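Chains as they are written, first to last, in our numbering: chain A, 0 to 422; chain B, 27 to 449.
Please keep in mind that the hints were generated in silico from the structure rather than gathered at the bench.
Be aware that a few hints might be false.
To be verified - With a cut-off of at most 30 Å between alpha-carbon atoms, the simulated DSSO-like pairs for lysine-lysine come out as follows:
(1) A:LYS14 x A:LYS52
(2) A:LYS284 x B:LYS41
(3) B:LYS387 x B:LYS35
(4) A:LYS34 x B:LYS229
(5) A:LYS284 x B:LYS335
(6) B:LYS254 x A:LYS284
(7) B:LYS332 x B:LYS189
(8) B:LYS254 x B:LYS332
To be verified - Rough simulated footprint, nothing fancy, chain A against chain B, three-plus residues with beta-carbon under 8 Å:
(9) 102 to 109
(10) 230 to 238
(11) 285 to 293
(12) 389 to 403
These numbers come from a predicted model, not from an experiment.
Where is the CB? At the ideal position from N, CA and C, for every residue including glycine.
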Amino acid sequence: MEFKELSERVEALRKELAEVCSQLVQRPSQHPEGKTDRCVAYIKNYFDELGIKTEVYTLEEGKPNIVVRIKGKSSSTIFWVGHLDVVPEGKLENWTYPPYSGTIKDNMVWGRGSSDMKGACASAMVAAKVLSEYQPTHSIDFWFTADEEVGGRVGARWLAEKHIFKGEACIIGDGGGSSPGLVNIGVGNKGGLGMRLIARGRTAHGSRPYLGENAIDKLLAVIPYARRIGDYRLELPSELAPIVKSSSEFLLRDQNLTEAQRLAAKSLYDYPTGPSLNILNGGVKSNVVPDYAEAQFDVRLTPGCDAREVKARLEELVAEAGVPGVTVVASASRSVGYYEPADSPFVASLSGAVRWVTGVRPALTIAPWGTDAVSVKRFMGVPCLIYGPMVETRLHQPDEYVPIDNLVTAAKVYAVYPFVHGR
Amino acid sequence: MSVEEILAKIEDSRKELTEPCSQLIQRPSQHPEGKTDRCVTYIKDYFDELDIPNEIHKNKPEKPNIVARIRGTTDRRIMWLGHLDVVPEGKPENWTYPPYSGTIKDNMVWGRGSSDMKGACAAAMVAAKVLSELDQVPNNVDFWFTADEEVGGTDGAHWLAEKQIFKGDVCIIGDGSQRGAAVPSIDLGCKGGAGTRLMARGKTAHGSMPYLGENAIDKLIGAIPYVKRVADYRLELPQELEPVIQSSIEYMLKGEGLSPQQREAIKRIFHYPSVSLNILNGGVKSNVVPDYAEAQFDIRLTPGSKPLKVKKRILELVKEAGDPDVTANVRAGETAGYYESPNTPFAQQLSETVRMVTGNKPIFKILTGGTDAVSVKRFAGIPCLGFGAGMEGQAHAPDERNSIDLLELSCKVYGVFPLIYKG
Chain A
0 MEFKELSERV
10 EALRKELAEV
20 CSQLVQRPSQ
30 HPEGKTDRCV
40 AYIKNYFDEL
50 GIKTEVYTLE
60 EGKPNIVVRI
70 KGKSSSTIFW
80 VGHLDVVPEG
90 KLENWTYPPY
100 SGTIKDNMVW
110 GRGSSDMKGA
120 CASAMVAAKV
130 LSEYQPTHSI
140 DFWFTADEEV
150 GGRVGARWLA
160 EKHIFKGEAC
170 IIGDGGGSSP
180 GLVNIGVGNK
190 GGLGMRLIAR
200 GRTAHGSRPY
210 LGENAIDKLL
220 AVIPYARRIG
230 DYRLELPSEL
240 APIVKSSSEF
250 LLRDQNLTEA
260 QRLAAKSLYD
270 YPTGPSLNIL
280 NGGVKSNVVP
290 DYAEAQFDVR
300 LTPGCDAREV
310 KARLEELVAE
320 AGVPGVTVVA
330 SASRSVGYYE
340 PADSPFVASL
350 SGAVRWVTGV
360 RPALTIAPWG
370 TDAVSVKRFM
380 GVPCLIYGPM
390 VETRLHQPDE
400 YVPIDNLVTA
410 AKVYAVYPFV
420 HGR
Chain B
27 MSVEEILAKI
37 EDSRKELTEP
47 CSQLIQRPSQ
57 HPEGKTDRCV
67 TYIKDYFDEL
77 DIPNEIHKNK
87 PEKPNIVARI
97 RGTTDRRIMW
107 LGHLDVVPEG
117 KPENWTYPPY
127 SGTIKDNMVW
137 GRGSSDMKGA
147 CAAAMVAAKV
157 LSELDQVPNN
167 VDFWFTADEE
177 VGGTDGAHWL
187 AEKQIFKGDV
197 CIIGDGSQRG
207 AAVPSIDLGC
217 KGGAGTRLMA
227 RGKTAHGSMP
237 YLGENAIDKL
247 IGAIPYVKRV
257 ADYRLELPQE
267 LEPVIQSSIE
277 YMLKGEGLSP
287 QQREAIKRIF
297 HYPSVSLNIL
307 NGGVKSNVVP
317 DYAEAQFDIR
327 LTPGSKPLKV
337 KKRILELVKE
347 AGDPDVTANV
357 RAGETAGYYE
367 SPNTPFAQQL
377 SETVRMVTGN
387 KPIFKILTGG
397 TDAVSVKRFA
407 GIPCLGFGAG
417 MEGQAHAPDE
427 RNSIDLLELS
437 CKVYGVFPLI
447 YKG
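With the hints as extra help, turn the sequences into a complete structure.
Okay, here's the thing in structure tokens:
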């Protein structure tokens, strides 16, 4: 098998690839509903027309998952996992093109999910189409799933826990790696420390606020203490040091970063991310002093650290604030996120495929975000690597886009890999 | 009939007072719905049985208002105004007796609305009954029971005043509280609001790389302390109000169980704006850096002050915060609240009535909270004085209750004033 032929075949489908991505974007699947049914119907139809069999697995109505299986020569199977759900679009005025228009312009596909990660799904679909025309060495199942953005309850987590996923290695499409100058493979991802500050007070009429205890005021007083968890240096296993270093260096390759952003990127792995105060709620009525307020922080930890120690430090900080009625709730287990050893054969073969397609040896990184790999690792013990066409800097932002070049590059890697796995 | 006789008559019907109070509580009218239909039906039946003429006026079917009219021998007309809607009950676990049980126990009526202000409505109903039994009353008296006070009077007093359905030479507002017969008080006016909304806009980003976004919550929190500083802005007040302010402060300082901080707050409450941050909202998803957050401040101003100057100061402070992405919206008009001079015949004759009923000269004070008087003054131009029947500190609180003594006291004042008022 000439990889060149495979590559040219993908190249020839460039237009179709962009169109498939656009079509997926045009089928909104944003949370809080996160319905994947329209995307799944589109994917099913795409493969039906090619005479390729698909199977749909549904735990919750409206949130189906779909798999397309490409048969290989050997009995071994690898699998690719991507998700079809997307985060909400936010304020419409921040978008140049309507978020669900899937506008194709300037060699990009624009819209919510283009980068995270309907683009990767489109690459996988086209790769599957091309692979169906050949017989790869290894079988590969391409999974398009639901609910990644909310923990995978009826998507990858369910499919992993019930061992509906099958295979000896897993490629997670939820990542970057294809952008010129930013070629990389994710060998792990960070995990979260769900952290909420809860303040309780006593209501009073807004005209006599001094008779109550304002829960919002209490919360605001403690927030600066809680934020100091961002200065807590993580203890990481020494084997991870080179990857942490290359991950940081990788992020700093972004030439558009301001000085403050560069500083943040530098400490992104040795310290907890953020904490980013992403949700704040308090009060029920404008003339009632609130008796309850809550802050939700997004705190991310590098795999290999002990989340329980971070939690203990957080509790110390909140205690230090000394505001009665304010408590911190954090979920922390021994392990957070996951990582693969850099010297594993899987890393070597995927690096080889990426290098063949891009001409560049990929950097090894730890993704700062979470992926469904955590579920696959936890429930199946299968090694996972992250590679896709994503533009990391546009994640969950307005004007999300993906370059068509990235889509093509990722599709090539996905098409080549079933030939080189284990080599 | 002499005043002594009417007082004796009310004392005899003391037991009769608790029944309508309890019955009104048992007909829930809490917001956000704030439906007054069941209460109004009860009141209509009550007056129909006594052959007292009454009319229903409604702007919305489920929020009727009702008026009962006592014929007088002159053209003068006294209006009594109360509201039937109540604030939500809050957490049920904070109530000793179910909030809509109207339990009568320990010489109290318990439940949401007992003090604010179904108790006063019951007192007015019985006062109307007693007046209807007299051979002649020198003044016409309209007893109004209305909707929507707790939300600004949209379909209640505001509407009735604006449409000129309210008629009268003077108006007694039943909303407010008393401390008992030993220290009776009359409300000369009430504070008004300068409700302020602070809005912050940012840029979303994935929570895993928060430094790529601009966190709107962080921006909001940065500006909040600036807005709070309007609490240090000394209000310019008319000289004639100073003695009333001093007596209001003295009255409030006599409240029980005040902490040193609360005493300090009371000393400032008329000369400075009161500021309470009652609602805070930001963020849509725990892993998305928010691009919008807002805070709602309850800011109250003494009548006679200059709300537009306060507004200007708030906007100055927001500007001082120095973040162009944070803006404020201040709701302020030419005047705040309202007040009557203590030297009018109306004030003197109501004061005389209260002295006759209680044996003590009432003090004049300004209410910290708003009442429907503001609408009556502004739209119908009718002078308003308050004589409340609520128990101090009970409005909007859990375990709200009212003493039968206060019901009787206020019933006497509402019943006697129509015999005393001479214009």
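Tested hints:
1. A:LYS14 x A:LYS52: Holds - the C-alpha atoms of LYS52 of chain A and LYS14 of chain A are around 24 Å apart, at most 30 Å.
2. A:LYS284 x B:LYS41: violated (36 Å)
3. B:LYS387 x B:LYS35: holds (23 Å)
4. A:LYS34 x B:LYS229: holds (25 Å)
5. A:LYS284 x B:LYS335: holds (26 Å)
6. B:LYS254 x A:LYS284: Roughly 19 Å between the alpha carbons, so the hint for LYS254 of chain B and LYS284 of chain A holds.
7. B:LYS332 x B:LYS189: Between LYS332 of chain B and LYS189 of chain B the Cα gap is close to 28 Å, so the pair holds against 30 Å.
8. B:LYS254 x B:LYS332: Status holds; Cα separation ~18 Å.
9. 102 to 109: violated (count 0)
10. 230 to 238: Coverage by chain A holds for the region 230 to 238 of chain B (9 residues, Cβ < 8 Å).
11. 285 to 293: That given contact holds, which follows from 4 residues of the region 285 to 293 of chain B lying within Cβ reach (below 8 Å) of chain A.
12. 389 to 403: Our answer is that it holds, as 4 residues pass the Cβ test (under 8 Å) against chain A, meeting three.
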